[in-house]
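Top line first, the protein sequences correspond to chains A and B. Quick note: the first sequence uses the UniProt record's numbering, first residue 1, plus one each step. Quick note: the second sequence uses the UniProt record's numbering, first residue 1, plus one each step.
I should point out that these hints are in silico values taken from the structure, not numbers from a laboratory. For every residue, glycine included, the Cβ atom is placed at its ideal position computed from N, Cα and C. Treat the hints with care, as some may be off.
[Stated by the list, open to error] Under 7 angstroms between C-beta atoms, here's a sample of chain B residues computed to sit facing chain A:
| id | residue |
| --- | --- |
| 1 | Pro51 |
| 2 | Ala67 |
| 3 | Ala117 |
| 4 | Leu124 |
| 5 | Ile137 |
| 6 | Val173 |
| 7 | Thr203 |
| 8 | Gln287 |
[Said to hold, decoys possible] When the alpha-carbon atoms are kept at most 27 angstroms apart in a straight line, the in silico DSS-like pairs for lysine-lysine are as follows:
| id | chain 1 | residue 1 | chain 2 | residue 2 |
| --- | --- | --- | --- | --- |
| 9 | B | Lys125 | A | Lys13 |
| 10 | B | Lys125 | A | Lys4 |
| 11 | B | Lys157 | B | Lys94 |
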Amino acid sequence: MAVKATLNRLDTKGSPYLYVAPFFILFGIFGLFPLIYTGYVSFNDWNLLDGGAHQWVGLANYREMLGDSYFWNALGNTLSIWVLSTVPQLLAALWIAHLLNHKLRARTSLRMGVLLPNITSIVAVTIVFTQLFGRDFGMINWLLGLVGVGPVDWQADTWSSHLAISTIVMWRWTGYNALIYLASMQAIPHDLYEAAELDGASPTQQFWRITVPNLRPTIIFTTVISTIGGLQIMAEPLLFAGTSTPTGGSDRQFQTIALFMYEQGFREFRFGYASAIAWTLCLIIAIFAVVNFLLTRRIAKDEE
Amino acid sequence: MTVLANPPATRTEPPVPPKRRANRHNFGFPRRGSVWTYAALLAIVAGSIFPLYWSFVVSSQTSEAVAKTPPVLIPGGHLFDNIARVFDSTDFGKALLNSFIVSGSITVSVVFFSTLAGFAFAKLKFRGRKVLLVLAIATSMVPQQLGIIPLYLLMTKLGWTDQLAAVIVPGLVTAFGVFFMTQYLGRAVPDELLEAGRMDGCTTFGLYWHVVLPAARPAAAVLGLFTFMQAWNDFFWPLVVLQNNATVQVALSSLASGYTTDYTLTLTGTLLATLPILVIFMVLGRQIVGGIMQGAIKG
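Work the whole structure out from these sequences, hints included.
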């Protein structure tokens with residue numbers, strides 16, 4: 001009996017730790033350790049081609065980065081692409097969610113249609129859009145030609161490449177955000193709208209005075225998520241170049257920070273320098289997430 | 001027992017008035033969609049579908065047809081020639097197989113471990129439960145891309161570069177899965193059922209196996225679906241670590257990065273890489289939409 005009781009106690013007290021252990025062990029090894037180790041690597045001159053030989057250099061990598069015009073260029077590009085893709089994306093998502101929030105026939109099909117871009121891979125999407133944005137035979141230039149605008153070499157300039165990459169990001173994520181908004185729209189109590197209607201508020205007024213303020217937490221959530229994702233953009237600019245050179249165009253006109261990190265790490269094999277870039281990007285993301293959160297909360301409050 | 005402790009509150013609020021007929025008075029929400037609502041939505045859906053339709057059109061045409069103005073908009077008869085060409089020019093079959101192995105094992109493992117951890121967090125009492133749960137959720141905020149360099153060093157140490165294990169093992173558990181299952185099991189499994197199981201002499205693992213797993217099935221399906229799609233579409237880490245043993249996304253990217261791009265070939269590859277996900281979406285789209293509407297998946 002005593003043995004059985006002890007076993008029983010061990011089972012109820014001890015086994016929960018066993019069940020959550022796989023997560024923490026695997027995350028520790030493959031998630032947390034690399035992240036912290038990145039910090040250590042960033043203080044070293046670390047080149048994979050030397051067979052992993054490394055030498056402590058302190059803040060030299062960070063100092064070099066701050067004086068590196070390629071880094072500042074990449075930072076500017078990242079911010080530009082982030083703004084160009086996030087702002088219109090979230091506004092469009094809000095509008096689409098509003099449209100989907102009507103009583104509709106074929107509701108599920110319409111929702112699936114809107115979500116379709118999101119289930120496709122970044123690689124596939126970028127390849128298709130790169131073709132559509134082609135200089136000579138691209139459909140977008142053909143359409144522009146119909147309204148008398150000359151062909152644009154989308155990859156060649158800063159503004160046009162940023163616009164094209166932002167379009168790719170927007171196409172993939174707008175529907176996803178729309179469904180998130182739709183879910184919270186449906187949670188808004190109906191009587192708010194009925195009361196507003198009795199007071200003679202137009203549908204547009206109802207949208208801005210009732211719908212948008214009630215979506216505040218969701219808008220904050222989507223903004224923060226898109227910021228975290230947007231600042232890490234890498235695959236789109238890598239594939240948009242057509243060839244797999246990680247420079248982001250001939251003049252680095254669309255090289256993002258994450259792509260710059262990839263170039264330094266896995267093309268130049270300068271692991272120390274790349275780690276410094278990674279840590280800096282992490283810091284930038286954290287700052288942006290916080291600022292974003294505070295700002296969005298402020299704006300949404302003013303709407304009320 | 002708890003029922004006795006909380007006697008039902010006396011009803012003081014007035015009876016709910018009968019519901020107004022929404023359309024007759026033009027009151028109520030949601031409103032009926034007008035012609036313009038439908039027109040706008042159909043245009044948006046068309047815009048969503050078009051790039052994928054276009055990749056289908058191009059992959060069924062000859063290379064010459066792609067360079068025509070105005071562009072050809074109807075599928076041609078060369079789809080199978082082009083598919084054969086894709087399999088000839090790269091090891092696309094192996095890449096597809098790799099992707100199935102990677103996504104399949106990650107999916108099974110994530111569902112299993114998430115349910116196990118979710119069960120512990122939602123239904124078992126142990127010291128440090130709350131702290132560990134917060135820790136698990138907090139880990140989902142960590143941008144994974146940024147640890148890629150030491151992770152790569154680790155893989156070289158383990159001798160896993162170019163091996164599927166390098167992609168599978170770090171993906172075996174996700175914070176999102178643990179959180180999702182904790183949420184779901186907290187609601188879906190009644191404590192009474194677990195207590196009854198214990199009375200019958202079930203061990204904790206027995207409870208997991210006989211009570212929790214069957215109850216977790218609907219959530220497991222959604223979680224499995226999302227995990228599979230995410231693993232299938234993953235690109236950055238496989239690109240770094242599987243240079244010579246590509247998954248389908250990596251193979252696709254190398255197909256697209258030749259110096260003279262053969263668009264027919266590339267877009268056929270795109271179609272092939274997207275097809276499995278598209279099939280899943282056609283069959284289970286309702287669940288996927290529902291899962292996202294629950295805020296169930298994070299970007």
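Hey, does the Ala117/B contact hint survive, CB to chain A under 7 angstroms? Holds. Min distance 5 angstroms.
Given hint Ala67/B near chain A, where the shortest CB pair must fall under 7 angstroms: At 5 angstroms from the nearest chain A Cβ, Ala67/B passes the 7 angstroms test, so the hint holds.
May I ask you to test the interface hint for Pro51/B with respect to chain A, counting a Cβ-Cβ separation under 7 angstroms as satisfied? Holds: closest Cβ of chain A sits about 5 angstroms from Pro51/B, inside 7 angstroms.
Using 7 angstroms as the Cβ threshold, decide whether Val173/B counts as touching chain A. Since chain A brings a Cβ to about 5 angstroms from Val173/B, closer than 7 angstroms, the hint holds.
Taking 7 angstroms as the limit, does the beta-carbon of Leu124/B come near enough to a beta-carbon in chain A? OK, holds: Leu124/B within 7 angstroms of chain A, min 4 angstroms.
Regarding the hint that Ile137/B lies at the interface with chain A, is the smallest CB-CB distance below 7 angstroms? Violated, about 11 angstroms.
Keeping to a limit of 27 angstroms between CA atoms, is the pair of Lys157/B and Lys94/B held or broken? holds (26 angstroms)
Hint validity - Thr203/B Cβ closer than 7 angstroms to any chain A Cβ: holds (5 angstroms)
Check whether the Cα positions of Lys125/B and Lys4/A lie no farther apart than 27 angstroms. Answer holds: Lys125/B to Lys4/A is near 20 angstroms, not above 27 angstroms.
Minimum beta-carbon distance criterion (7 angstroms), Gln287/B to chain A: violated (11 angstroms)
For the pair supplied as a hint, Lys125/B and Lys13/A, confirm whether the alpha-carbon distance does not exceed 27 angstroms. Measuring from Cα to Cα gives roughly 8 angstroms; hence the hint holds.
When held up to the earlier numbered hints, the structure conflicts with 5, 8 and fits the remainder.
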